[in-house]
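Model the placement of chain B on the given structure of chain A, informed by the hints.
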Amino acid sequence: MNNIFDIGRLTKFIQRQAVLNAPPILIAAGAIFGTMLIVSILTGYYGPENMEGLKGFFLFVFFLGGFILTSNIFAELHTPLKSYFYLTLPVSTAEKLIGSWILTSPVYVVVFSVIAYLIYLIPTIMVGNSYPVPAFFDHDTFQAIGSYMVIQTVFFLGAAYFRKYNFLKTVLSLFLFQIFIGLYAGLLFWLLFGGGNVNDRDFDNGFKGSIENTVPQLAHVFFWYILGPFLLVVSYFSLKEREV
Amino acid sequence: MVELNNVNFKYKNKKPLFTDLNLQLGTGFIYGLLGKNGAGKSTLLKHIAGLLYPQSGQCKVFGYTASQRIPQMLEDIYVIPEEFELPSIALNAYTKSNAVFYAKFSYEQFNKYLTEFELPADAKLSTLSYGQKKKFLIAFGLATNARVLILDEPTNGLDIPSKSQFRKIVASALTEDKIIIISTHQVRDLENLIDFVVVLENGKIIFNKNIAEISERLAFEHSLAGVPASDILYHEDMPGRKAGITRNRSGQETRVDLELLFNGVIKDTSVINSHFVK
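Those protein sequence lines, which keep their order, are chains A and B.
Just so we're aligned: 103 in the numbering used here is position 103 of the first sequence, and the numbers increase by one with no gaps anywhere.
Count along the second sequence starting at 1, add 1000, and that's the number in the numbering used here.
One chain only, chain A, in its complex shape:
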């Protein structure tokens, strides 16, 4: 038996988590999808010209629901009266991490997308050809799903690291991190340029060019290829070091 990773054990773990967490998730899902259904029907009936807005609403629910679900994925670990069972479950830390990620990222994306698509069909049929209805799965949707899968890892780390109020603490951490980055950038700018007025002429073409070309590329690579895996690795060590 492999003590680090075993696909059979991972599957059993995913099934266990799905079964044990099913009651609260099903209640939440019922409420959310029910609301989406009502909003969809009302939009189809009263505001068929706002179908683009409906799609935006769906994406907002998709992000918010996913982040809240992710923030609670290690609830058993953080509940003192339940953590014994979670920590002594014969499953490796890697399997617990991957299993939890699969449930909150790919499984969530697929399940939400399918149900949301089915709900979206209702106002689409109601509107018919009278108004242009944006396609549900277009480039923007896939871009949003990709973004979710990256940003979700931030909430995943928050779920593993914080013991209480995981969602709120993660949001607060992101806010503080943004302020820190803003202050840091401001300080750097002030140190470099002395706080004086700066315009295009102050940059030579080479510097300006390299900044404009390099920074977006680096940011692109960092966001899409580094950030997610890096946060998952940090989450792994957070889980590995966890005691009761």
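To be clear, the hints were calculated from the coordinates, so they are not data collected in a lab.
Where hints are given, some of them may not hold.
What the hints assert, rightly or not - On the chain A side, residues computed to face chain B include the following (Cβ under 7 angstroms): (1) I14; (2) Y84; (3) V91; (4) K169; (5) E243.
For clarity, every value in this text was computed on a predicted model and none was experimentally measured.
Using N, Cα and C, we set each Cβ at its ideal position, and we do this for glycine too.
Same frame as chain A, now just chain B:
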């Protein structure tokens, strides 16, 4: 085998609890872990289960380092905590989704224990009382056939018939390759069940003896009237009499009164222990 070698541990912002703690627990026995509140019993059990990490020293379970919590080791450890919370799902669903992780899980044994504890197999966990939930966990834990079974205050919440059922079931579940560790304050519930008495005081193992050896060397007297003072190792005043621990001069094994033994060990450790020096 469970081995703790020179384990040092302290909780954050607290004084050290374990200082060079050493303990060996062999297979085929039931250990009664006794100690006052705050002595470190639960902390010791958590170390064995890999739920707390020693700051230095080692805690090994069948050769595995407990703190690594690798699946192969965890398959051989089942912990029944004193307080717990179970999800609001059917008993069957919980069993089905958790039993799959234990290669030696026996549904036959599990159903037998459920029947003995008079638990309905189709009940919803949220509808069970605390005592029933505890009985369910004991049945599940025993059915995993984990080689190390850790029970923290297992009889808390059990009614009187269930306590004797518990003793019967645990005694029958012990095999040569298993170690059962029971930590409790209800010492009477362990009588005729445990093989070893381990007493923990201020983070130190102050007493660790086999029941047979205890009953061979010590006698537990309901009344000390007529017993020579030189034979009395420990006594306590009871209404109208004195009860105590004396030297066992008869050479015959006597019934061990765990409450008296525990009080005696706590009050006068060196006197009781010196009686075991060969």
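Now for the hints, and whether the structure bears them out:
{"no.": "1", "hint": "I14", "in the structure": "violated, 10 angstroms"}
{"no.": "2", "hint": "Y84", "in the structure": "holds, 5 angstroms"}
{"no.": "3", "hint": "V91", "in the structure": "holds, 6 angstroms"}
{"no.": "4", "hint": "K169", "in the structure": "violated, 20 angstroms"}
{"no.": "5", "hint": "E243", "in the structure": "holds, 5 angstroms"}
Of the numbered hints listed earlier, those contradicted by the structure are 1, 4.
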